[in-house]
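Trainee: For chain A, the structure is supplied; the task is to place chain B on it using the hints.
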Amino acid sequence: MTGTGKRGRFLLVAAIVVGVGGAFLYAGGWLSPHKLTPSRFVDTFQDVNGPHPGFRRNHAKGVGVSGTFESNGQGARLSRAVVFRPGRVPVVGRFSLAGGMPYQTDALRTVRGLALQFLPQDGEEWRTAMIDIPIFAVNTPAAFREQLVAMEADAKTGKPDPAKMKAFLDRHPESARAVQTIQAQMPSSGFDDSTYNGLNAFWLVDASGRSTPVRWSVVPAQPLAPIAPTPQGDPNFLFDALIARLHRQPLRWRLVLTIGQPGDPTNDATVAWPEDREKLDVGTLTIDSIESDATSPARTINFDPLILPDGIVGSDDPLLSARSAVYSVSFRRRVGEPAPSSAVTPAEVAQ
Amino acid sequence: MSSPVKTAARYAWSSRVLHWLMAVMVLAMLLIGMAMVASLLDYHWLLAVHRPLGILVLVFVIVRFVNRQVTRLPPFPETMSAIERAAATWSERLLYTLMFIMPLIGWGMLSAARYPIVLFGSIRLPPILPHSTWLYTVLRTSHTVFAYLLFFAFMAHLSAVLFHTLVLRDGLLRRMAPPTPTPEPETRPSGAGHPARGRT
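Going down the list, the protein sequences come from chains A and B. Numbered as in this note's numbering, the first sequence ends at 1566 without a single skipped number. Numbered as in this note's numbering, the second sequence ends at 203 without a single skipped number.
I should point out that these hints are in silico values taken from the structure, not numbers from a laboratory. Just to be clear, a hint being listed does not mean it is correct.
To be verified - Covered by chain A, according to a simulated footprint, are these stretches of chain B (three or more residues, beta-carbon under 8 Å): (1) 36 to 42; (2) 45 to 55; (3) 134 to 140; (4) 158 to 169.
Unchecked claim - Computed cross-link-like contacts, DMTMM-like style, restricted to lysine to aspartate or glutamate with a CA-CA straight-line distance of at most 25 Å: (5) A/K1221 - B/E81; (6) A/K1494 - A/D1479; (7) A/K1221 - B/D173; (8) A/K1371 - A/E1389; (9) A/K1494 - A/E1285; (10) A/K1250 - A/E1361; (11) A/K1250 - B/D45; (12) A/K1250 - A/D1262; (13) A/K1221 - B/D45; (14) A/K1374 - A/E1361.
As the list claims (entries may be wrong) - Only some residues are given here: those of chain B computed to face chain A with a beta carbon under 7 Å: (15) G124; (16) R143; (17) T147.
If you're wondering where the values come from, they're calculated on a predicted model, not measured in any experiment. For glycine and all other residues, C-beta sits at the position ideal for the given N, C-alpha and C.
The shape of chain A in the complex, shown without the other chains (with noise of 0.2 Å):
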């Protein structure tokens, strides 16, 4: 063996464990830092809401809710879920406002959003996030986080930069459409009488194994309200009345399924199916306790999207994974630090 050999070799050695660890580096990310990864995303929220330990990073200001879910059996035609059999299953849920401000004042424009968790008692769990706009704004993570950045309060004026917004429109035409349809519809009047809906698409699978497209959402039994004028000095006017009306009644809404067929797009939350796809009524859910964000179960809750019960699957739309992934590490900090006081607080919802 000569010495020049034995140190070629050793470089050798070298070079197979630097390229093995190399490999494993660039798996983890560590080798691009400007990838959108599950944690940087979180990040941007932090960045544009400033930091809020203990809260959600997004839908930071909520209140915790109870209930129950009826189904009445049309569901099983397409899923062999448990939670769409017959019978009666526990639900607890969340209202809450879109943005990672804990504290914001309640404002009629700002999307309004309901988790819930279905626990049948002798099937899998079902989660589920939902808010009150027809279809999302965007349709992949990316854009979401483009969209973050460009709503972005401006430092001087303390709102955002119409110019921001319309490069992103301007760069994201299905946003610009999406937008569009969303600004057409007029918010309701309160959580209650929302309208909450699934947005992403999931497949439903049967005992057979045939997969349905399906989109779902919550609609209110109880009526439409009209829009009163905006209380001055109650910066929870949304969640105070939500708080009244469930203090006198347990309120309604009926899940609705809408079915889609061969061609509707199920990875582009952009678009709505078109008006005329078939839905089915497949159960009622009824809200009858209502408790502050800080003392409700719901706090321990990460309403992951694709935690879901066997005979429900994800579609390919790439927000459902993302939601995932970006919930999970929100869900991850926001526990690891002290429970702070939240902005409905335990004596509000107890009045």
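Mentor: For chain B alone, coordinates are given in the frame of chain A:
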């Protein structure tokens, strides 16, 4: 090229099968784990592979530990110094420990956060820990820390084996050569209660 390691001085056939099967599984787990936490679009399907594969690693590491107790180990090659032998012994213990606790931590952290522990479809594992965000936080962080420790332990293992095999050319890797389809006759049968290797 001479080989100081005779074919007889190999790990048992079962040990070599388990070693290479687990090498593939554990490397896949590390790669998937690192890739999924850095990916938006591939996160979900990678996680869907990561969970059942992790449980498979847990099952295999238990089988492997039992196998380790009942098979005879080949002696260290003479090219290994006392320090190297001690390092090899302790790094093996570290690797076994990490391969055992990583799946348990993964299972435990999902339990503590009350995430469903989905293997396939409706096949799900029960939670093994109470619902606690504090426990989740500790375990989730441990999962990352131990993953990097496992990664570095693997890199050290790889470096040492390559150094012996390619630079010293002492045939170290042949002791763990991937087995041929039929068990080789020179593989010695099990001898229970064999002392730690290196004293052989």
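Trainee: None of the hints should be skipped; say for each whether it holds.
Mentor: Against the structure, the hints:
1. Taking a C-beta to C-beta cut-off of 8 Å, the stretch 36 to 42 of chain B contributes 6 residues in contact with chain A, enough for the three needed, and the coverage statement holds.
2. Residues of the stretch 45 to 55 of chain B lying with their CB closer than 8 Å to a CB of chain A number 5, which satisfies the three-residue condition for coverage.
3. Interface restraint, the stretch 134 to 140 of chain B with chain A: holds (4 residues with C-beta to C-beta distance below 8 Å; minimum three).
4. Here the stretch 158 to 169 of chain B counts 6 residues with a CB under 8 Å from a CB of chain A, which clears the bar of 3, and the coverage holds.
5. With a C-alpha separation of about 19 Å, the suggested pairing of A/K1221 with B/E81 holds against the 25 Å cut-off.
6. Distance restraint check for A/K1494 and A/D1479: the Cα-Cα separation of roughly 15 Å lies within the 25 Å cut-off, and the hinted pair is therefore satisfied.
7. At roughly 13 Å between alpha-carbon atoms, A/K1221 and B/D173 fall within 25 Å of each other, so this suggested pair holds.
8. Our distance criterion of 25 Å between C-alpha atoms is broken by A/K1371 and A/E1389, whose separation comes to about 30 Å.
9. Between A/K1494 and A/E1285 the alpha-carbon distance is near 18 Å, which keeps this suggested pair within the 25 Å criterion.
10. Distance check on the hinted pair: A/K1250 and A/E1361 sit about 14 Å apart at the alpha-carbon level, within 25 Å; holds.
11. At roughly 13 Å between alpha-carbon atoms, A/K1250 and B/D45 fall within 25 Å of each other, so this suggested pair holds.
12. A C-alpha spacing of about 17 Å is found between A/K1250 and A/D1262, which places the hinted pair at or below 25 Å, so the restraint holds.
13. At roughly 43 Å between alpha-carbon atoms, A/K1221 and B/D45 are farther apart than 25 Å, so this suggested pair is violated.
14. With a CA separation close to 17 Å, the supplied pair A/K1374 and A/E1361 stays within the 25 Å bound.
15. The beta carbon of B/G124 is positioned within 7 Å of a beta carbon in chain A (closest approach about 5 Å), and the interface hint is therefore held.
16. A least Cβ separation of about 6 Å between B/R143 and chain A falls short of the 7 Å threshold, and the interface hint therefore holds.
17. Restraint check, B/T147 versus chain A: the minimum CB separation of about 10 Å is more than 7 Å; hint violated.
Of the numbered hints stated above, those contradicted by the structure are hints 8, 13, 17, listed in ascending order.
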